[in-house]
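As a plain string of letters, each chain reads:
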Amino acid sequence: MPRITFIEPGGSRRTIDAPAGITLMEAAVQNGVQGILALCGGACACATCHVYVDPTWLPKLQPREEMEEGMLESAWEPRANSRLSCQIHLTSDLEGLEVTVPQRQGAI
Amino acid sequence: MISTIVVVGGGQAGAQAVDTLRREGFAGRLLLVCDEPVLPYQRPPLSKSYLSGELTAERLPFRHQAFYEEHRVELRLGLPAVGLDRRARQVNLADGESLSYDRLLLCLGSAARRLSCPGADLPGLHYLRTVADVTLIRAAIQPGSRVVMIGGGYIGLEAAATCRQIGCEVTVLELADRLMNRVVAPCVSQFFAQEHRAQGIHIRCDTRVTRLEGRGRIERVVCADGSEIAADAVIAGVGAIPTTALAGDAGLPCNDGIIVDEYCRTQDEAIFSAGDCTNHPSPRFGRRVRIESVDNAFEQAKTAALNALDRRVAHDRVPWFWSDQFANKLLIAGLSQDYDQEVLRGDPASRSFSVCYLKGGELIAVEAVNHSKDYMAARKLIAQRAQMNPVKLANPDLALKEAVNGTLS
Chain A
1 MPRITFIEPG GSRRTIDAPA GITLMEAAVQ NGVQGILALC GGACACATCH
51 VYVDPTWLPK LQPREEMEEG MLESAWEPRA NSRLSCQIHL TSDLEGLEVT
101 VPQRQGAI
Chain B
1001 MISTIVVVGG GQAGAQAVDT LRREGFAGRL LLVCDEPVLP YQRPPLSKSY
1051 LSGELTAERL PFRHQAFYEE HRVELRLGLP AVGLDRRARQ VNLADGESLS
1101 YDRLLLCLGS AARRLSCPGA DLPGLHYLRT VADVTLIRAA IQPGSRVVMI
1151 GGGYIGLEAA ATCRQIGCEV TVLELADRLM NRVVAPCVSQ FFAQEHRAQG
1201 IHIRCDTRVT RLEGRGRIER VVCADGSEIA ADAVIAGVGA IPTTALAGDA
1251 GLPCNDGIIV DEYCRTQDEA IFSAGDCTNH PSPRFGRRVR IESVDNAFEQ
1301 AKTAALNALD RRVAHDRVPW FWSDQFANKL LIAGLSQDYD QEVLRGDPAS
1351 RSFSVCYLKG GELIAVEAVN HSKDYMAARK LIAQRAQMNP VKLANPDLAL
1401 KEAVNGTLS
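Protein chains in written order, with the numbering used here: chain A, 1 to 108; chain B, 1001 to 1409.
Keep in mind the hints are simulated off the structure, nothing from the lab.
Mixed in with the good hints there might be a few duds.
If you want the ones that stay clear, here's a sample from chain A, every Cβ over 10 angstroms from chain B, calculated [what the hints assert, rightly or not]: (1) 1; (2) 60; (3) 61; (4) 94.
Just some of the chain B residues that point at chain A, by a computed CB distance under 7 angstroms [stated by the list, open to error]: (5) 1044; (6) 1298; (7) 1322; (8) 1376; (9) 1377; (10) 1380.
Think of the CB as a built atom: it goes at the ideal place given N, C-alpha and C, for glycine as much as any other residue.
Using the sequences plus the hints, can you model the full thing?
As structure tokens, this is what we get:
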């Protein structure tokens, strides 16, 4: 059960014990993390579950696939550490993962 | 003073409305009335991962019970609203309860269009709209079952792909001359028809179903040309009808949806409406529209909730849609009706391409097949009313924004 921290758009820290096997997006939605909309429910079709991953964690994640890459390119303020949280599957290796939720979501 | 708000409808819009009302500080009595007996849930997985069994029922709801308790949302589940008395500002529920409101939000959604041909009352005919519908379908099919889909639109094709992945023998019958004819370009229809056929699905266009036959339950589908297709289960995906009776019977104007303004207000200043059931102005497209999409339900619900709290916010969105069929993702931005130019970007044989629609040079819609880059870029460019250079646009090596004429406002 990895423990994950979200830094919400207002700056508050939300630490969640999430079950392994679900996605980072599902962990956020189930716990009502502010700023994660996840409108398409994880289909990689909306770019409304965008997060910035603490760079020290990037090497531990599966790299972005082409579809995710294309979605992020026109997302709100994409950065090198941008990810769609629906594409990150939680495993025990991700204990301590920290991500920041952007101020806005979608193609803005 | 707004002390009680009643939200009727527990789909994407209803769930979002209560969420926004509380997040925006409404502290009064808040009720959510839903005719389905379950917590508000996501519908998109129903034809895909829920039908396949990959996603279990407990992962469908947007929020757990605890969310509604924590935010003091009084739930009335499994209770249709049967009457609306606008003068008394009361909604009447099926069990006889009357709920008084200061503001009412109608998030009634839409319902699957029913078949009316002979045999449509026989057991074995399914629709695909609710979790209960899909639970019935799952019980009716297994590997080897012969499934006939009536309708080759999004729902029909998504369900066909899922049934095929389960191992069913699947036939898709489409009335028009091509699949998804109301929503995509011919080359996109053709691409998906090829993909489905390659997976072993039988596709028959220009095919009218005249009746369903069988002893006690459906055994075959009979078409206008006299042909018969044996079926263990039939699923009809022939469009949706907005749910407007509650509003219409109470004298609110309806015309292909409940008529609302850009603030999601009906003609009654205490009543707002959001989602599939509304007919609303689109500032971007300059006409009234009715949109069946997750995004529209979500955004209109936020707008309706804010305006119900007397904050004046207008709804002005570029619609977007998606459909997953086998490993292919169809992504659509904008509305392509009344285009005057269509530009293909890329080669469908490469399995990643897009079709751009222009009106007077302005980008109004893009259909992207396995091409998230064009789709996301298009959502911005359509909103910005970008004027495009059709020659550059046809060059798939140039990014969409490099095909913009001049500078963007």
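Results of checking the hints against the structure:
| no. | hint | result |
| --- | --- | --- |
| 1 | 1 | 17 angstroms, holds |
| 2 | 60 | 24 angstroms, holds |
| 3 | 61 | 19 angstroms, holds |
| 4 | 94 | 20 angstroms, holds |
| 5 | 1044 | 5 angstroms, holds |
| 6 | 1298 | 6 angstroms, holds |
| 7 | 1322 | 4 angstroms, holds |
| 8 | 1376 | 4 angstroms, holds |
| 9 | 1377 | 5 angstroms, holds |
| 10 | 1380 | 5 angstroms, holds |
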